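K.L.:
Here the protein sequences line up with chains A and B, keeping their order. Numbered according to the working numbering, the first sequence spans residues 1 to 313. Numbered according to the working numbering, the second sequence spans residues 1 to 304.
Rather than coming from a laboratory, the hints here were simulated on the basis of the structure.
Lysine-lysine pairs mimicking DSS-like chemistry, simulated, CA-CA at most 25 Å apart:
| # | chain 1 | residue 1 | chain 2 | residue 2 |
| --- | --- | --- | --- | --- |
| 1 | B | LYS115 | A | LYS9 |
| 2 | B | LYS157 | A | LYS43 |
| 3 | A | LYS8 | B | LYS115 |
| 4 | B | LYS117 | A | LYS9 |
| 5 | A | LYS43 | A | LYS90 |
| 6 | A | LYS139 | B | LYS296 |
| 7 | A | LYS55 | A | LYS93 |
| 8 | B | LYS115 | A | LYS300 |
| 9 | A | LYS300 | B | LYS117 |
| 10 | A | LYS223 | A | LYS137 |
| 11 | B | LYS213 | B | LYS117 |
| 12 | B | LYS117 | A | LYS8 |
| 13 | B | LYS296 | A | LYS137 |
| 14 | B | LYS300 | A | LYS300 |
| 15 | A | LYS137 | B | LYS300 |
| 16 | A | LYS9 | B | LYS213 |
| 17 | B | LYS213 | A | LYS8 |
| 18 | A | LYS55 | A | LYS89 |
| 19 | B | LYS300 | A | LYS139 |
Since the structure is predicted, the reported quantities are computational estimates derived from the model, not experimental observations.
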Amino acid sequence: MATVERAKKRVSHWIVIAIILVLTIVYLIPTYWVISSSFKPFKAVTAIPPRVLFKPEITSYIKLFTKRSIVRSDAEREERSAQANWYEKKVLKLGQTIMGISPFPNRLFNSIFVAVLSTVAAVSLGTLTAYGFSRFKFKGENDWLFFILSTRMLPPVVVTIPLFLMYRFLGLNDTRFGLILLYTCFNLSFATWVMKGFIDEIPREYEEAALVDGYTRFEAFRKIVLPQAATGIAATAVFCFIFAWNEYVFALIMTTRNAQTAPPFIPSQLGVGLVDWGVMAAGASIFLIPVVVFTFLLRKHLLRGVTFGAIRK
Amino acid sequence: MNQQKPGEMLVTRRGLSDTAIKRLFVLPTIILLICINIFPLIWSLVLSFADYSAVRPHVEGVNPNWIGGGNYKDVLMDLHIWEYFTITAKYAMMAVAGEFLVGFGIALILNRDFKAKGVITTLILIPMMMSMAIVGLFWKLLYNPGWGIINYMLGLKEFQWLANPRVALIAVAITDIWMWAPFTMLLALAGLSAIPQYLYEAAEIDRASWWFKFRRITLPLVTPLILIALIFRTMEAFKMFDIAFVMTGGGPGTSTELIAINLYRLAFAQWNTGRASAFAYIILIMIIAISNIYIKYLNKAKEM
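Only chain A is shown next, with the shape it has when bound in the complex:
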């Protein structure tokens, strides 16, 4: 009897595993499809039935980074192909020649620049604030914490109406600094809440011992608390980076050219000339790289992150 029961359990276990695998694959199809589209030849992207097997090429990526024009005659093509290097040859095959660099690298740079600096600012300020709230008593402490969190809950479109006027008045529209300031505030409430969770977990006894030993409060914070909060700080920073990296509404409204980041730029290319889905997919794929890497790095802290530090497990 026992063996039958065991065999039954094993079979049902394997059935469940099979279901899990199928589910995971179904869940990954959209992402896989976009990434694979970015490596498809131009015609294969829109081929029917969809092409699963194809020879991967990086032409879409070359197109993403360049401005091109059409080569008019065969003679011109011959002439250009004689002195072309490998990536120029790839677009020449499509009858195009490279004229210069597209705005994409600049938008990507803006994304990285704004996300990194706003993350550094938000996490530094947030850690200090979290320490303050964690270790000292405040009048109406919970009200202040609620106030800090509530700024994060505001719908971006609602906030941008007055912000747009304020930024126009201050000359901060379409500047990287303006966007950094905005993202710092956007992430500050998050950083404060999550860091408070991490700092609450560090026993006070260490600091108290240090204070008895003659450390000042600031030294105790710097030498005792910060090193112990390092993991928490890193996790919070990665979250803030991703939020800033992904942000769309503020960037859409507050930037047009100089400071525009990738999220509003990539979809805006839909309206420009012939839709080249391969290029769009290439842009989206590049944009996803840090997201995928960081999701894996963060996997132990995801729960804490999405609940603003309330649930730790």
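On the provided structure of chain A, position chain B as indicated by the hints.
P.N.:
Structure of chain B alone, referenced to chain A:
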């Protein structure tokens, strides 16, 4: 400041006093948030009582023209705006219900020990970490009526998803569900894995049915966490802009005109700044009401 936390009892002689440190650490954040979040909101509260356009020249009495509560009256009397509220409510219901079913379903299946559990869970969680604008963009590619993979896999020939007023909202909601069901799953998994195993063992001894165990043990114990996920998602669904804006821009017609999209149009396409501010305040009050409930539950979960 009469009650002190234990750490504060020590009086340090060197360096800054604890009170100074406390202020130094907390004030910058508060000041920054007041300048960038609260001050503009007060500004727009003032503007919501005026007929004002941000792109027309400033002439006191004409632009802005102070009209009292006229904007609020206009917004609340506007039947279109009620239509957009209805669309948004429909959207929120579809998206949140879908996220609950899919997320909780996957969590129930994943809640067991198997090899590569960590990797698979993380893979499913990736969509949640993506940019909503980019997700909207690539679902547009998947929904393409001519060569999209969705029509191909479902065997629908040239079926219009985003250009069809009847299904466009559902199509956007499906994208939202794909992206955010992992969020519900993550919280549900946390709840499920915290259920003590002995409860199930005890039920096993009593030969309880699968359904009985699910209803009497699993459900009550994961409800608090799932509730947090659902309230949060409801709030986010009411604020939804990115996915819908990239996928449909509110169309076709007004079939996906969510309140956030309409507000954007009113404020940054028609430049009806005064009226948009009034509309924004109405939305704001709604969101604050929902977020109050949310934070209350979050604090409860903290105490668990």
